[in-house]
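Our numbering puts the first sequence at residues 26 to 904.
Calculated from the structure, these hints are not laboratory results. Some hints here could point you the wrong way.
Below, simulated DSS-like cross-link-like pairs (lysine-lysine); rule was C-alpha separation at most 30 Å, straight line [stated by the list, open to error]: (1) LYS148 with LYS133; (2) LYS883 with LYS867; (3) LYS807 with LYS695; (4) LYS402 with LYS191; (5) LYS777 with LYS838; (6) LYS412 with LYS191; (7) LYS129 with LYS148; (8) LYS684 with LYS777; (9) LYS412 with LYS199; (10) LYS166 with LYS576; (11) LYS851 with LYS807; (12) LYS204 with LYS148; (13) LYS695 with LYS684; (14) LYS862 with LYS883; (15) LYS611 with LYS684; (16) LYS402 with LYS204; (17) LYS851 with LYS867; (18) LYS851 with LYS879; (19) LYS851 with LYS883; (20) LYS777 with LYS611; (21) LYS807 with LYS838; (22) LYS166 with LYS601; (23) LYS851 with LYS862; (24) LYS402 with LYS412; (25) LYS601 with LYS611; (26) LYS204 with LYS401; (27) LYS166 with LYS148; (28) LYS199 with LYS401; (29) LYS166 with LYS611; (30) LYS402 with LYS199; (31) LYS367 with LYS289; (32) LYS879 with LYS867; (33) LYS191 with LYS148; (34) LYS851 with LYS838; (35) LYS204 with LYS191; (36) LYS777 with LYS807; (37) LYS129 with LYS166; (38) LYS807 with LYS684; (39) LYS412 with LYS401; (40) LYS601 with LYS576.
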Amino acid sequence: MSDPSSGTDYLQQTTRFEPAAVEARWMRHWLDEHLFHAEPDAEREPYSIVIPPPNITGVLHMGHALNDSIQDALTRYHRMLGENACWLVGTDHAGIATQNVVEKMLRKQGLTKEDLGREEFVKRVWEWRDEYGGTIIQQLKRLGCACDYDRERFTFDEGYARAVTKVFVALHEKGYIAKGSYLVNWCPRCGTAISDLEVAYREMPGTLNYVRYEVQGGGSVTVATTRPETMLGDTAIAVHPGDERYTDIVGRTAILPLLGRELKIVADDRVDPEFGTGALKITPAHDLTDFDIGRTHGLDSVQAIGQDGRITAAGGPYAGLEVEEAAERVVADLRALGALEKVEDYAHSVATCDRCSTPIEPLISEQWFMDMDELKKPATDVVRDGKVTFTPERWGRVYIDWMDNLRPWCISRQLWWGHQLPVWYCEDAACRETIVAEVAPTECPACGGAALRRETDVLDTWFSSALWPFATFGWPDETADLAYFYPTNVLSTARDIIFLWVARMVMMGLEFRGEIPFDDVYIHSVIQASDGRRMSKSTGTGIDPLEMIDKHGADATRFGLLLMSSAQDVRFSEEKIVMGRGFANKLWNAARFVLLGSEGYAAERSEADQVDRWIASRFQRCLVTVEEAVAVYDFTAAVDTLYHFVWDEFCDWYLELVKVRLYGDDEAQKAQAAGHARWMLDQIVRLLHPFLPFVTEEIAAQYGVAPLLRQQHPQRDATQIAPEAEATIGDLQAAVDALRRFRAEAELPPGKVLNAVFVSEGGAGAAGRYVPYAGAIRGLAKTEVAFEGDPPADATVVLVPGGRLDVAAAVDKAEEIARLAQQLAKAEDEVERGQAKLANEKFVGRAPEAVVAKEREKLAGHIADRDGLAGRLAQLHEA
RNA sequence: GGGCGAUUAGCUCAGUGGGAGAGCGCCCGCCUCACACGCGGGAGGUCGUUGGUUCAAGUCCAACAUCGCCCACCA
26 MSDPSSGTDY LQQTTRFEPA AVEARWMRHW LDEHLFHAEP DAEREPYSIV
76 IPPPNITGVL HMGHALNDSI QDALTRYHRM LGENACWLVG TDHAGIATQN
126 VVEKMLRKQG LTKEDLGREE FVKRVWEWRD EYGGTIIQQL KRLGCACDYD
176 RERFTFDEGY ARAVTKVFVA LHEKGYIAKG SYLVNWCPRC GTAISDLEVA
226 YREMPGTLNY VRYEVQGGGS VTVATTRPET MLGDTAIAVH PGDERYTDIV
276 GRTAILPLLG RELKIVADDR VDPEFGTGAL KITPAHDLTD FDIGRTHGLD
326 SVQAIGQDGR ITAAGGPYAG LEVEEAAERV VADLRALGAL EKVEDYAHSV
376 ATCDRCSTPI EPLISEQWFM DMDELKKPAT DVVRDGKVTF TPERWGRVYI
426 DWMDNLRPWC ISRQLWWGHQ LPVWYCEDAA CRETIVAEVA PTECPACGGA
476 ALRRETDVLD TWFSSALWPF ATFGWPDETA DLAYFYPTNV LSTARDIIFL
526 WVARMVMMGL EFRGEIPFDD VYIHSVIQAS DGRRMSKSTG TGIDPLEMID
576 KHGADATRFG LLLMSSAQDV RFSEEKIVMG RGFANKLWNA ARFVLLGSEG
626 YAAERSEADQ VDRWIASRFQ RCLVTVEEAV AVYDFTAAVD TLYHFVWDEF
676 CDWYLELVKV RLYGDDEAQK AQAAGHARWM LDQIVRLLHP FLPFVTEEIA
726 AQYGVAPLLR QQHPQRDATQ IAPEAEATIG DLQAAVDALR RFRAEAELPP
776 GKVLNAVFVS EGGAGAAGRY VPYAGAIRGL AKTEVAFEGD PPADATVVLV
826 PGGRLDVAAA VDKAEEIARL AQQLAKAEDE VERGQAKLAN EKFVGRAPEA
876 VVAKEREKLA GHIADRDGLA GRLAQLHEA
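Assemble the whole structure, with the sequences as input and the hints as a guide.
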């Protein structure tokens with residue numbers, strides 16, 4: 026009782042759910058209790074999820090918040106189902122991103138990484154990581170994520186490094202990993218090669234420059250280029266073999282303007298005769314097509330642009346210039362020479378670095394490559410065969426298409442922050458052996474020399490990320506965790522890393538564990554800015570989820586995000602979060618009402634009253650819908666169903682109906698109602714907990730069942746489905762609705778009590794069903810009801826045709842006659858329509874029986890309506 | 001150039017073969033003893049266009065239009 030956050034006073038006073046204090050208090054408690062930690066337990070089914078590890082440089086953005094709300098709901102849900110759920114958490118060392126951030130920080134201090142040297146620089150990155158790298162993990166806690174924080178991993182921690190090394194060495198031994206000299210995507214700003222997937226193409230305005238090259242022995246050939254500066258590296262000109270314009274110059278020699286270099290003229294069918302002039306200048310060192318054509322024809326390769334993005338010595342007078350400046354100078358000089366025939370505006374897509382947006386320079390470089398041919402086959406098959414399923418399904422096809430067109434993966438990076446390749450070179454000039462080993466060799470196994478130099482390159486960050494599902498559970502050691510939690514159940518992520526990450530995890534999981542890393546891949550929606558553009562910091566369109574948590578609470582934010590998690594991309598709408606806030610508040614107040622109104626009674630399901638049977642039945646239907654939705658990762662449907670059950674049925678009807686008994690004088694009735702209300706509340710709170718963990722925990726604590734994570738999910742029980750109670754309460758609802766509508770239309774003052782009488786059609790006494798609900802109708806519709814045979818003198822006339830209710834009143838006779846006439850006309854139309862449909866032989870003959878039966882039922886209803894209305898109208902006319 | 005997706009109420013979105021839904025906004029009435037972050041009532045849509053399939057189409061097919069995303073060695 027000393028706890029200020031529980032007890033009668035607390036409940037009475039907190040008419041609003043205030044998230045801030047509640048959330049902080051519960052998260053602290055959950056963490057102190059290590060509630061989210063899971064250990065292997067042979068008695069229980071494992072359920073595991075690995076979080077897509079956020080970069081240590083990252084801060085929680087809307088995409089994380091959505092994905093983590095999803096994973097958290099799944100984790101809590103399965104935990105409550107009795108499974109031993111483990112949500113593994115951790116961060117990614119994020120090679121380029123982190124190195125960039127630390128370099129930027131150093132620059133502010135007037136330092137470069139070269140000033141410090143590699144060792145000291147890496148030390149500084151670790152220091153940075155220790156200070157700032159945990160930010161995002163703390164932010165997950167603000168959201169309420171039930172991650173197993175006791176197992177937090179880092180893609181660069183010691184055990185992880187062993188896994189990475191082992192994988193590299195193993196793949197090298199199999200011949201999948203090898204060093205080679207190829208044209209790679211080079212980012213001059215980051216100073217490293219990057220993989221094809223890290224290149225982003227952007228449409229940019231540019232120019233197409235037509236440059237005339239003289240041909241030895243007379244004549245000339247004109248080529249079109251968007252990058253005139255690359256001509257400094259030209260070694261040939263190519264034309265299509267079938268292009269008759271150029272047949273006479275193939276085999277001859279052209280002269281490169283400005284530099285005077287001799288260029289072969291070759292024929293190659295990769296040249297598109299339709300484009301430009303049909304003649305292509307060939308720069309094997311700086312263009313992939315040219316590189317391939319160069320190989321085919323044995324052309325020289327001249328590197329005109331260096332790794333620093335400047336023109337090399339091969340560029341003669343342009344040496345040392347930045348690419349952009351060189352382009353301007355080359356064009357100016359060509360123009361002066363008269364070799365520039367024309368310049369056209371031309372929009373084309375420019376390859377840029379995904380990390381820093383700098384234009385990529387394709388250049389030839391010695392790099393390590395991973396051949397995917399052997400790995401991709403099984404990884405494609407498991408998706409094709411449905412062993413790994415994608416939701417939504419279409420992403421599975423996207424995955425397969427990509428796999429089918431895989432090229433070797435450039436895995437080496439010229440960075441300082443990352444997993445250094447486990448490769449050493451013998452320095453002995455006569456030996457030059459390359460050694461790939463898990464443990465640093467002390468001498469060269471080939472010549473015995475002790476002078477060894479370690480490869481300075483590090484691995485692509487995604488190389489290590491690919492091992493995440495098994496390396497985090499202890500691999501390369503055969504741990505109990507690994508045996509128990511791997512393979513994981515589901516991977517939830519954004520579609521932009523299907524290739525970068527998901528595909529590679531599948532390949533590595535199959536290769537090193539012989540098992541798929543996860544059964545399901547759930548690809549969630551992309552949340553766009555409210556104007557439909559991509560959310561991004563640079564354009565200022567980003568919305569900070571933490572701000573939403575501050576403003577509306579974590580439960581509300583999670584709820585809103587889950588409503589935005591549909592299969593399609595959605596625009597961010599704060600309204601949905603506001604909706605969540607309202608829902609949390611509604612639930613809290615419903616709980617206050619139930620708990621305060623039933624103090625002293627124990628939760629116990631009752632079947633005595635129709636209302637009790639009805640709400641239990643409705644809850645069962647809700648439960649089934651929610652379970653089915655979660656099973657197919659339809660969180661929007663799950664949350665929407667819960668919202669409407671709790672608000673529209675539990676609060677708007679059940680709680681209102683239960684007041685009659687709760688506030689009444691019949692002690693037996695009150696006990697039943699109180700016990701059942703408590704029981705129902707508890708069931709609801711349990712079902713909602715995975716989606717709204719804080720408010721549900723706060724409620725549960727009020728009656729002593731917190732933490733909900735240790736409680737059981739509600740049980741499905743078909744015996745609680747009560748169609749007859751649903752029918753009765755459905756009729757009652759229709760009656761109340763009709764009375765309310767009548768009151769509103771007749772503009773009765775709110776305080777005015779209406780008198781009504783139920784009359785059964787055909788005198789069968791069906792109105793008797795409503796006898797127990799006279800009190801409810803009084804409360805819900807401010808109407809005093811009487812039953813057949815006992816009409817009050819001033820009674821408004823009420824009919825009950827076919828169990829449904831219609832209202833008439835002697836308020837204004839003429840008005841009433843007009844209203845009824847209108848309704849009658851409508852009913853007659855409906856009857857006509859229904860009869861026509863049922864007279865259609867094709868419909869009756871071909872439509873499913875149930876559909877036809879439903880149509881008949883509807884028609885019967887309309888006929889009853891029509892007859893009832895006609896009768897009343899006749900009565901009114903008589904009177 | 002190839003592929004994928006979207007187009008439903010003023011706004012943001014559900015709805016995938018049997019008589020159009022939600023939240024917000026809007027209009028009317030209510031501080032009714034859980035909740036004004038609330039309660040009750042209401043208005044508002046020829047479901048992008050044109051064809052087709054079907055007894056029946058927002059829902060399936062085709063074409064078109066518009067918007068968005070992904071992939072591609074777009075000189």
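Hints, one by one, checked against the model:
1. LYS148 with LYS133: 18 Å, holds
2. LYS883 with LYS867: 19 Å, holds
3. LYS807 with LYS695: 22 Å, holds
4. LYS402 with LYS191: Holds, at roughly 22 Å.
5. LYS777 with LYS838: 20 Å, holds
6. LYS412 with LYS191: Judged against 30 Å, a Cα distance of about 27 Å means the pair holds.
7. LYS129 with LYS148: 16 Å, holds
8. LYS684 with LYS777: Holds, at roughly 21 Å.
9. LYS412 with LYS199: 26 Å, holds
10. LYS166 with LYS576: 16 Å, holds
11. LYS851 with LYS807: 29 Å, holds
12. LYS204 with LYS148: Satisfied, since the Cα-Cα distance of roughly 28 Å is no more than 30 Å.
13. LYS695 with LYS684: 9 Å, holds
14. LYS862 with LYS883: Within the cut-off at roughly 11 Å; holds.
15. LYS611 with LYS684: This hinted pair holds, its Cα atoms lying about 17 Å apart.
16. LYS402 with LYS204: Given pair LYS402, LYS204 holds - Cα atoms ~23 Å apart, limit 30 Å.
17. LYS851 with LYS867: 26 Å, holds
18. LYS851 with LYS879: Between LYS851 and LYS879 the Cα gap is close to 20 Å, so the pair holds against 30 Å.
19. LYS851 with LYS883: 14 Å, holds
20. LYS777 with LYS611: 29 Å, holds
21. LYS807 with LYS838: 22 Å, holds
22. LYS166 with LYS601: 22 Å, holds
23. LYS851 with LYS862: Roughly 17 Å separates the two Cα atoms, so the pair holds.
24. LYS402 with LYS412: Cα-Cα ~14 Å, so holds.
25. LYS601 with LYS611: The given pair, whose Cα atoms are some 15 Å apart, holds under the 30 Å limit.
26. LYS204 with LYS401: Judged against 30 Å, a Cα distance of about 20 Å means the pair holds.
27. LYS166 with LYS148: 28 Å, holds
28. LYS199 with LYS401: 15 Å, holds
29. LYS166 with LYS611: 24 Å, holds
30. LYS402 with LYS199: 16 Å, holds
31. LYS367 with LYS289: 24 Å, holds
32. LYS879 with LYS867: Judged against 30 Å, a Cα distance of about 16 Å means the pair holds.
33. LYS191 with LYS148: 24 Å, holds
34. LYS851 with LYS838: 20 Å, holds
35. LYS204 with LYS191: 18 Å, holds
36. LYS777 with LYS807: 8 Å, holds
37. LYS129 with LYS166: 28 Å, holds
38. LYS807 with LYS684: 14 Å, holds
39. LYS412 with LYS401: 15 Å, holds
40. LYS601 with LYS576: Given pair LYS601, LYS576 holds - Cα atoms ~13 Å apart, limit 30 Å.
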